[in-house]
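K.L.:
Position 59 of the sequence shown, counted from 1, bears residue number 74 in this note's numbering, the numbering being contiguous throughout.
Keep in mind the hints are simulated off the structure, nothing from the lab. If you're wondering where the values come from, they're calculated on a predicted model, not measured in any experiment. Check before you lean on any hint, since a few could be wrong.
Okay, the calculated beta carbon distance ranges per label pair [stated by the list, open to error]: (1) Lys-279 with Asp-171: 25 to 33 Å; (2) Ala-273 with Asp-105: 21 to 29 Å; (3) Asn-152 with Ala-263: 42 to 50 Å; (4) Ala-177 with Tyr-75: 48 to 56 Å; (5) Glu-60 with Gly-148: 33 to 41 Å; (6) Ala-263 with Glu-243: 21 to 29 Å.
For every residue, glycine included, the Cβ atom is placed at its ideal position computed from N, Cα and C.
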Amino acid sequence: MLDRKIYDKLGRLALGMSHKSNLNMSGSRKSVQKGSSAEFSDFREYMQGDDLRRMDWNAYARLDKLYIREYLEEKEAVVSVLIDTSASMDYGARSKAELAVDLAAVVSFLALNNMDRLMLYDMKDMNRPLSVGGGKNAFPRALHWLERLTFSGETDMLSAAAGIKRRGPGVTVIISDFLHPGMLDETEVAKKQAGEQAALPGRKGYEKLLQYLQYCKQRPVILHTLAEEELRITLTGALNLIDAETDASLRLTVDARAVESYEKELNRLTERMKRGCAAGRGIYVLCGTGLEREQLVFQDLRVIYDI
Numbered sequence: 016m017l018d019r020k021i022y023d024k025l026g027r028l029a030l031g032m033s034h035k036s037n038l039n040m041s042g043s044r045k046s047v048q049k050g051s052s053a054e055f056s057d058f059r060e061y062m063q064g065d066d067l068r069r070m071d072w073n074a075y076a077r078l079d080k081l082y083i084r085e086y087l088e089e090k091e092a093v094v095s096v097l098i099d100t101s102a103s104m105d106y107g108a109r110s111k112a113e114l115a116v117d118l119a120a121v122v123s124f125l126a127l128n129n130m131d132r133l134m135l136y137d138m139k140d141m142n143r144p145l146s147v148g149g150g151k152n153a154f155p156r157a158l159h160w161l162e163r164l165t166f167s168g169e170t171d172m173l174s175a176a177a178g179i180k181r182r183g184p185g186v187t188v189i190i191s192d193f194l195h196p197g198m199l200d201e202t203e204v205a206k207k208q209a210g211e212q213a214a215l216p217g218r219k220g221y222e223k224l225l226q227y228l229q230y231c232k233q234r235p236v237i238l239h240t241l242a243e244e245e246l247r248i249t250l251t252g253a254l255n256l257i258d259a260e261t262d263a264s265l266r267l268t269v270d271a272r273a274v275e276s277y278e279k280e281l282n283r284l285t286e287r288m289k290r291g292c293a294a295g296r297g298i299y300v301l302c303g304t305g306l307e308r309e310q311l312v313f314q315d316l317r318v319i320y321d322i
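Use the sequences and the hints to build the structure in full.
P.N.:
What follows is the structure, given as structure tokens:
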């Protein structure tokens, strides 16, 4: 678990939003509704019954008409956190599961500290999210929920995303290793051109996921969790690799050429994920288990904060 000093520093930060809230609960996010915050929004003509304290007397002196100043109302925004609890996350000397819980705790603290509504989802059980609001005093409840997560079996990420309870614009944070066939497979459509086969990339699961979040007016924050052993291969020789979720096995000889090929494909994957996220005005962060938590939280994750 994270050190208390980390939470003390996090108290000065907030998650960046790309949409204004339209919920009716009071909070600290700027809303599309008009209200009484300190941030000016617009003028409108005076109507009987308006608060005279909002009258703009300077405009009256210039235009000989009564105008009312309107201000943005501060409302509660929704921060949804989807956690991949599949068996592949329970891997590594410092496991991805442990890192996922820590990352979710960071996002939960930021949301509650900023008076946002927090929705925590276990991707294997999307019908029973934890909904928490009311400020940072509710954080222990979120932490208790996170500590009880179990990592096993498989998850369907596209179906999980479709299970998010829509409550207006907000931020959706997805914490996963994305090592799922639906996310990784690149379906190709063959096309004959000038006597050669030209491969055209088809629509991929990851892009579908981002497109759906954009449709729901969500700012996607992708926290891609990988174990140190997955980022830097040290295994050598003939090995039997067993899929943690399906028990399928693969016989593989790991040599310098195989490692080079793996690193090239991993780099291609992360670049593709980064590009896809940026296209939807989202943020992608590669989170390795080998990094010290303080460096990860205050340096690598800095891009998701409003400073």
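K.L.:
Each hint: holds or not?
P.N.:
Here is how each hint holds up against the structure:
1. Lys-279 with Asp-171: 25 to 33 Å: holds, 28 Å
2. Ala-273 with Asp-105: 21 to 29 Å: Holds, since Ala-273 and Asp-105 (Cβ atoms, about 25 Å apart) stay within the stated range.
3. Asn-152 with Ala-263: 42 to 50 Å: holds, 46 Å
4. Ala-177 with Tyr-75: 48 to 56 Å: holds, 53 Å
5. Glu-60 with Gly-148: 33 to 41 Å: Holds, at about 37 Å.
6. Ala-263 with Glu-243: 21 to 29 Å: For Glu-243 against Ala-263, whose Cβ atoms are near 24 Å apart, the range 21 to 29 Å holds.
Of the numbered hints stated above, none is contradicted by the structure.
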